[in-house]
Amino acid sequence: MDFFQALTQHGFLQNAVLASVLASSACGMVGTYVVVKRIGFLAGGIAHAVLGGMGAALFFGFLPMLGALVTAVIAALVLGLVKLHAREQEDILISAFWAAGMAVGILFISQTPGYQVDLMTYLFGNVLLVSKQQLLMMLILNVVLVVTIILFYKQFTAITFDEEFARLRGLPVTALYLILLCLTAVSIVLMIQVVGLILVIALLTLPAAISQHYTQTMKSMMGLAVILGTLFCLTGLGVSYSLDVPSGATIILVTALAYLILTILHRCRT
Amino acid sequence: MSKAIEIVDLTFRYGDLLVLDAIDIEVELNEFIGVVGPNAGGKSTLLKIVLGLLQPDRGKVTVLGTTPSKARKKLGYVPQYPTFPRDFPITVGQTVLMGRLGVTKPFAGYATSDISVAEQAMTETEIQHLASRRLNTLSGGQLQRVMLARALVSQPELMLLDEPTSNIDTRLESEIFDLLKELNKRMAIVVVSHDVGFISKYVERVACLNRTLVCHKTETIDGRTLQQLYGSDVHMVAHRHS
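Residue numbers (our numbering), protein chains in the order written: chain A, 1 to 270; chain B, 1001 to 1242.
Treat the hints loosely; a few may be bogus.
Said to hold, decoys possible - Per the computed footprint, the stretches of chain A lying under chain B, defined by three or more beta-carbons under 8 angstroms from a beta-carbon of chain B, are:
#1 164-174
#2 207-217
#3 235-246
Claimed, not checked - Calculated Cβ distances over 10 angstroms to all of chain B for the following chain A residues:
#4 21
#5 36
#6 40
#7 74
#8 86
#9 90
#10 104
#11 123
#12 158
#13 160
#14 220
#15 221
#16 265
Bear in mind the hints are in silico, worked out from the structure with no lab data behind them.
For glycine and all other residues, C-beta sits at the position ideal for the given N, C-alpha and C.
The shape of chain A in the complex, shown without the other chains:
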């Protein structure tokens, strides 16, 4: 059946499209900071550690997304402080969070009945299963993201651009950096439903990385990254629906392919 025709008939597809748009706008805005500050690995650590919180929430009967949010913020704060104060330990600690978080998650989930379906959804996402309640939560988190970024746009740009100069101008660099990492954590949680926590990193970094080639400022880089992310998500969703293959993996492959082609084109031109 044609994707667009199905879209008019099925509520779950409409929800999926909405979720893709919400996740893409978050990843475009925050991903821009992740790319220019080069903290992709740190973001990966946060994303994987989140499974621990989701597993625990599931086991104790809370909303998994709530568990994810709490864990993501804690991981962001701890890893952020490590990055600022004990840089030599950074990659070790990120790896530890990465693996230990997943281990905790797997153990909790294995002790919860009916785990197999849930586990695959958390790892690789299933945007077709997004509920109204999750959509509402995504919308709220998105609003929080947008408002915070608008309020502190010049400060965030300053600390990612030139940390020493920002400090000399009297900005609270540590606090701002931790807030920025918390925003990253929030957007990771937003995207987990769409592409899962293993694939999240690609959607967070690749649209912004492509956008960097074609834009002059942080604002326009964010704008283009949002548009590209939405485009990749919807294309992936359409393809996965038509071919009846998993949506998360398809979205990531579309994104990675676009990144590869556009980067080669950009290299050839310059």
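Since the structure of chain A is already known, use the hints to place chain B on it.
Same frame as chain A, now just chain B:
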């Protein structure tokens, strides 16, 4: 408040390495002073202590009548190398505007007054035609002017520059120093350099720093001073820059 900088008996170590040893110096509010000395002689370290980025092991540092970190917002600083990635997606105008941080309103964008101050600074440093260019399209000399403009927009009372001309050719070097001379009418300027001969034409005093510090009036610098400073025979060539 009577002095731009007052340093009494300052000592600083990196681990076991004694970098600055019992430094005393005073810089007047209208002064233009050069700091010269060999590499690793402690020049950049001294600037970072005045900026409050490093804490001395011993001694008292007073900047504009207060502690370095409290004086920070009234200081302008031009680092030796850009402390930011060149490929960052940002224009010249926005980079310069960042100097308004700490002075401007706390939330959302910059105020109209910030933008006019930034335009003024760009005019003064002759980069207004570059305002909408992205940083990675600039030459070394243009980038240096951007960093100078960024330091100027915070309307500092004391400007600190670390080898501002090490990456650019001599003609541009003179232009930058002519500009500094002009700025000296409204602020104190401390400029770190490796080129004694060149800066002595512009500054009133030269502080020679090689772990310890000795100040000279520019006209009294001779071969013996330089030999003491650099620790080996230095040939001084009398020459004029035109």
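Assertion that residue 123/A lies farther than 10 angstroms from chain B (Cβ) = Since the minimum Cβ distance to chain B is about 33 angstroms, residue 123/A lies beyond 10 angstroms and the statement holds.
Claimed clearance of chain B by residue 158/A, with the beta carbon kept past 10 angstroms = 5 angstroms, violated
Verify that the Cβ of residue 220/A lies farther than 10 angstroms from every Cβ atom of chain B, and report whether the claim holds or is violated.
-> Given that some Cβ of chain B is not farther than 10 angstroms from that of residue 220/A, nearest at about 8 angstroms, it is violated.
Taking the shortest Cβ-to-Cβ distance between residue 160/A and chain B, state whether it exceeds 10 angstroms.
-> Given that some Cβ of chain B is not farther than 10 angstroms from that of residue 160/A, nearest at about 8 angstroms, it is violated.
Report holds if the minimum CB distance from residue 265/A to chain B is greater than 10 angstroms, and violated otherwise.
-> The claim stands: residue 265/A keeps its Cβ more than 10 angstroms from every Cβ of chain B (closest is about 18 angstroms).
Over 10 angstroms to the closest beta carbon of chain B is the bar; see if residue 221/A clears it.
-> 5 angstroms, violated
Residue 86/A clear of chain B by more than 10 angstroms, beta carbon to beta carbon?
-> 18 angstroms, holds
Residue 40/A remote from chain B - nearest C-beta pair above 10 angstroms = Per Cβ check, residue 40/A is outside 10 angstroms of chain B; nearest 15 angstroms; holds.
Verify the coverage statement for the stretch 207-217 of chain A against chain B, using a C-beta to C-beta distance below 8 angstroms and requiring 3 or more qualifying residues.
-> holds (count 4)
Is the nearest Cβ of chain B still more than 10 angstroms from the Cβ of residue 21/A?
-> 24 angstroms, holds
Could you let me know if the closest chain B CB is still more than 10 angstroms away from the CB of residue 104/A?
-> 36 angstroms, holds
Can we confirm that no CB of chain B comes within 10 angstroms of the CB of residue 74/A?
-> Residue 74/A clear of chain B: closest Cβ-Cβ about 27 angstroms, beyond 10 angstroms.
Comparing the model with each numbered hint stated earlier shows that hints 3, 5, 12, 13, 14, 15 do not hold.
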